[in-house]
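Here the protein sequences come in this chain order: A and B. In this text, residue positions in the first sequence follow this note's numbering: the first is 1, and each later residue adds one. In this text, residue positions in the second sequence follow this note's numbering: the first is 1, and each later residue adds one.
Keep in mind that the hints were calculated from the coordinates and are not lab data. Here a beta-carbon is modelled for each residue, glycine too, at the ideal position from N, C-alpha and C. Among the hints, a few may not be true.
[To be verified] Covered stretches of chain B, going by a simulated chain A footprint (3 or more residues, C-beta under 8 Å):
id : segment
1  : 1-13
2  : 23-36
3  : 102-109
4  : 277-284
5  : 310-319
[Said to hold, decoys possible] Only pairs whose alpha carbons sit at most 27 Å apart, straight line, appear in this in silico DSS-like list of lysine-lysine:
id : chain 1 : residue 1 : chain 2 : residue 2
6  : B       : K130      : B       : K19
7  : A       : K419      : A       : K390
8  : B       : K419      : B       : K23
9  : A       : K390      : A       : K340
10 : B       : K19       : B       : K419
11 : B       : K419      : A       : K340
12 : B       : K419      : B       : K390
13 : B       : K130      : B       : K23
14 : B       : K130      : A       : K419
15 : B       : K419      : B       : K340
16 : A       : K130      : A       : K19
17 : B       : K130      : A       : K390
18 : B       : K419      : A       : K419
19 : A       : K23       : A       : K390
20 : B       : K340      : B       : K390
21 : A       : K419      : A       : K19
22 : A       : K130      : A       : K23
23 : A       : K340      : A       : K419
24 : A       : K340      : B       : K19
25 : B       : K390      : A       : K419
26 : B       : K23       : A       : K19
Number of protein chains: 2
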Amino acid sequence: MCVTQPRGFLAAGGTAGIKPSGKPDVCLIVREPAPAGAVAGFAAAFTGNAVVGAPVEIGLMQRAAALVPGGRVPRAVLINAGNSNAATGEQGVRDARACMVAAAGLLGCAEMDVVPSSTGVIGRPLPVIKIVGALPGLFAALARGERADADASRAIMTTDLVPKAVGVEVSLSGGDGGGARVVRIGAIAKGSGMIAPRLEMAFSGAARSAAPTATMLAFVTTDAPIASRTLQVMLDRAGQVSFNRVSVDNHPSCSDTAIVLASGHAGGAAIVAGTPEHAAFEAALTDVCERLAEMIVADGEGATRVFRATVIGAPSDAAAELMARQIVDSPLVKCAIHGKDPNWGRIVTAAGNAGVRFDPRQASLTIGPVEVYRAGVPITEALSDPRLVKAMGGARVELVLTVGAGPGRAWMMGCDLSKDYVSINADYTT
Amino acid sequence: MCVTQPRGFLAAGGTAGIKPSGKPDVCLIVREPAPAGAVAGFAAAFTGNAVVGAPVEIGLMQRAAALVPGGRVPRAVLINAGNSNAATGEQGVRDARACMVAAAGLLGCAEMDVVPSSTGVIGRPLPVIKIVGALPGLFAALARGERADADASRAIMTTDLVPKAVGVEVSLSGGDGGGARVVRIGAIAKGSGMIAPRLEMAFSGAARSAAPTATMLAFVTTDAPIASRTLQVMLDRAGQVSFNRVSVDNHPSCSDTAIVLASGHAGGAAIVAGTPEHAAFEAALTDVCERLAEMIVADGEGATRVFRATVIGAPSDAAAELMARQIVDSPLVKCAIHGKDPNWGRIVTAAGNAGVRFDPRQASLTIGPVEVYRAGVPITEALSDPRLVKAMGGARVELVLTVGAGPGRAWMMGCDLSKDYVSINADYTT
Chain A
1 MCVTQPRGFL AAGGTAGIKP SGKPDVCLIV REPAPAGAVA GFAAAFTGNA VVGAPVEIGL
61 MQRAAALVPG GRVPRAVLIN AGNSNAATGE QGVRDARACM VAAAGLLGCA EMDVVPSSTG
121 VIGRPLPVIK IVGALPGLFA ALARGERADA DASRAIMTTD LVPKAVGVEV SLSGGDGGGA
181 RVVRIGAIAK GSGMIAPRLE MAFSGAARSA APTATMLAFV TTDAPIASRT LQVMLDRAGQ
241 VSFNRVSVDN HPSCSDTAIV LASGHAGGAA IVAGTPEHAA FEAALTDVCE RLAEMIVADG
301 EGATRVFRAT VIGAPSDAAA ELMARQIVDS PLVKCAIHGK DPNWGRIVTA AGNAGVRFDP
361 RQASLTIGPV EVYRAGVPIT EALSDPRLVK AMGGARVELV LTVGAGPGRA WMMGCDLSKD
421 YVSINADYTT
Chain B
1 MCVTQPRGFL AAGGTAGIKP SGKPDVCLIV REPAPAGAVA GFAAAFTGNA VVGAPVEIGL
61 MQRAAALVPG GRVPRAVLIN AGNSNAATGE QGVRDARACM VAAAGLLGCA EMDVVPSSTG
121 VIGRPLPVIK IVGALPGLFA ALARGERADA DASRAIMTTD LVPKAVGVEV SLSGGDGGGA
181 RVVRIGAIAK GSGMIAPRLE MAFSGAARSA APTATMLAFV TTDAPIASRT LQVMLDRAGQ
241 VSFNRVSVDN HPSCSDTAIV LASGHAGGAA IVAGTPEHAA FEAALTDVCE RLAEMIVADG
301 EGATRVFRAT VIGAPSDAAA ELMARQIVDS PLVKCAIHGK DPNWGRIVTA AGNAGVRFDP
361 RQASLTIGPV EVYRAGVPIT EALSDPRLVK AMGGARVELV LTVGAGPGRA WMMGCDLSKD
421 YVSINADYTT
C-alpha cells in the first residue's frame, strides 16, 4: 500500500502508448475534496536546473497559487513517463495544458487544479492525443488498495528496474483533544538515470552548488490535515536531507519534482508549527523521503551497490556537503567501489577537490569498521584486514572522512559506476 | 625531438623497478648552466587540490625561491612514475628530499636545485632505494637527441597508451639587434586518468570552481633567455587556456604539475614583457601547452574520441566556463558521445546545472555543422541530417551552445566514457 493508503486518495496506472515498449506510462492520483471544515494542503519542490520542462513551469505557478493565504489545493496529479515535455518551447506548455484541461473536465475541477508531471526523452513533442485518449480509462480504473498503488508505481517508471513505494502510519499525540490520532503517509517515486536532485525549496533557499541532478519524481500523499504553507516548510527541510543527498550521475534533470498532497481526511484540527504533532509528522515525512531517496540511488542505472560518504570536522555543514558530493560523484571513486577496491587515495583526493582547504595531516578515513588513513598517513596493515574486504563487498559501503576539528558535517549517498551504466546510456535516444 | 631540442638541455629515461610491469619509470631532465651573461628562468603551476603530494609541497617552495629577484633557477627535474608520493605524510617529504640530495650530489648542485615530480599510486612509501640506485645509470645515459627524448617521454607514462611530446622552433623578431632570432621550445607530458587539471597559477589567481582535476605532468624546456617572473606570468596565462581546459574524469589529482625551464642558451638579451618578441614567445608557449593538453585528453583512460563544448553568449567568461565544464563532465553526455548519439537534451540540461541562470528560449545548440536546437525548440529534421551522423562519428565532436546575448565565452575539451574506463579503474590498486 502506498499513495492510496491515506484516506481521500484514489490512483490508477495505465498505458497510453508513449513508451515504445508498450509498458504502462500514465498515472493519475486524485485527491477527494476535503470534508467540511477539514484542511487540505499542497507542497512541491522542483529542479534547480536553468532548463526546466513545461510541467515544472506550470507546477511553479500552481505552488505559488497554493502558498498564498487561502490558496488553491490541487485535486489531481497527472503523470506520464516516456516523454519529459522538456525543451519543447511554448508548444510544450500548450500541450501540458491540453492534458490538464481534459483531466479537469473529467474530474469536474478547474484546469489549474490538475498538476502535470512528465519524465522521459527530452525535446520531443508530448503525444497529447495518446494521453488524452487514455484518460477515460484511467478515470474508470481509479481505485484505492494494493492493486491501484502497484499500477500507479509501475506507470511512472523509466529505466527503473523496480517500482518504488512507501506507506506508513504515524501516531500523533499532543493534539487539541489531548489523545493520540493516527494519520497515514504514502508515496511513490521513480529515478534511475539523470539522478542528482538539487531541488530548490520554496522557502528555505537551499544553496545551489555547481553540481547538478537527474529526473527523480516523488509523489507523497497524506490524510493528515495540514495547510499548504506548513506542509511546504516541512518538505523544504525533508527534501534537503533526503532527495538532495543522493546522486547517481551528478546530472540534475530538467524535471526533478517532489510533490506532497494532504487530504485532511484523517480529521481533527490542522497540524501547526511548534507542536509535538508537527514534529512527529515532519519526522515521519522525512523518513518517507529518505527511504524513497535510498530506493532511487540503489536502483541507479547500472548500480550494483550504494555507498555513503560522511564528512565530519569541516568548517561548516555546507563545506562538508561539497566534499561529500565530490566523493560520491568522482568516477574514479565510483569505479573503485564497483571493483570492491579500497582505493582510499581517490576518496581523500576527491574531497580535496571541493574547493575547501583542509590539512591532510589532520585527516582520517574509515571504510566500514576499518581505519585506513590516519593523520595524513596510510595504515598499511589495514589493507590486509578481512573486515575491509567484507566492508567493500557489501551492498552498502560506509565511508567516514574526518578532515579536521570543525563543526561541519554532511553525508551524500551514491552508487557505483559499472559497464552497464555505459551500455544503458551510450544508446538511449537512437 | 622534444625536451632536448632547445640548447642547454640533456635528458634520460630509465627503469628503477617501481612499476610492477618493469617498464621505464624514472626520468631526468638537466639544464646546463647558462652561459656568462645569459638569463635562465623557472616557472611552475601545481594542482589546486587541498591534498598535495610531497613533490608539490617542495615544488611550491622552489617556485617561491625562483620568483624573488635574483632567485634560484633549478638545474634538474627528477621524475618518477608508479608512485605519486602523495598522502605519505612527513615521510613523503623526507623521501623526496633523499632523492634530491642524491641527484644533486651527482650533478654538483644544491639539493634545492633538483625539482622532484612523482605520479602513480597514492599513499605508498616512495621506494627511495630503487630511485637512488637508478640515478648513476640515468646520469650516464644523459644525452640530447631523439633517443634521449623518446626515453624521457616514455619513462613518465602511467596508464597512457602513447608518449606525448612536442617540439617547435620560434622565430622572434623585434629584439635589440633589430634582426630575427630563433629559439626552441620542447615538451613532454603524461596524463590519462585523474585528469581535470585545475592548476593554481602563481600570479593570476585562477578562479577555483568546485570541479576537480587529475594527474597530468608537463615539462617544458626552452633555450630562450627569459627570467623566472616573466616566464611565470606567461605560464599562468598559457596554462589557463590549455591544461585547465581539459577533463577526462573531473577528478583533479594531488600531483598535477606543469614546469617550464629556460636555459638562455639561445643567447641574446632577455625577453621582456611588452615587446613583440614576448608576444611571439608567449603565443608559441601557449600553442605547445594546448597541443599537450589535447594529447592528454585524447589519450584519456578508455577514450575513443574527444569533444569540445564551446559556450557563447553567457553573462561572463567565468559563467561560460562553468557551463562548458558541466557539459564535458556529465557522464550522460560522455556516454552519448561514446554511442555517437546526438542526444542534445543532455547537453542543454548539463549546461543548465552550472548554477548560471539563462533563458532556454534564447538558447541554441550546434553539433558539428548542424543546428539541432534553436531558440528553445528542437529542430526535428536535423536528426535525419547525414552531416549530423558524420559529426557524431568523428574523432573530435564540436558542440557550440549559445545561451543568450552576453559577452561571456569559453570552451572545455573532454572525452567519451566507455566500458574500458570502468575496466581500467575498477581494479587499479588491488
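Comparing the hints with the structure gives:
no.	hint	result
1	1-13	violated (count 0)
2	23-36	violated (count 0)
3	102-109	violated (count 0)
4	277-284	violated (count 0)
5	310-319	violated (count 0)
6	B:K130 to B:K19	holds, 11 Å
7	A:K419 to A:K390	holds, 23 Å
8	B:K419 to B:K23	holds, 25 Å
9	A:K390 to A:K340	holds, 9 Å
10	B:K19 to B:K419	holds, 25 Å
11	B:K419 to A:K340	holds, 17 Å
12	B:K419 to B:K390	holds, 23 Å
13	B:K130 to B:K23	holds, 14 Å
14	B:K130 to A:K419	violated, 37 Å
15	B:K419 to B:K340	holds, 15 Å
16	A:K130 to A:K19	holds, 11 Å
17	B:K130 to A:K390	violated, 34 Å
18	B:K419 to A:K419	holds, 5 Å
19	A:K23 to A:K390	violated, 39 Å
20	B:K340 to B:K390	holds, 9 Å
21	A:K419 to A:K19	holds, 25 Å
22	A:K130 to A:K23	holds, 14 Å
23	A:K340 to A:K419	holds, 15 Å
24	A:K340 to B:K19	holds, 22 Å
25	B:K390 to A:K419	holds, 26 Å
26	B:K23 to A:K19	violated, 52 Å
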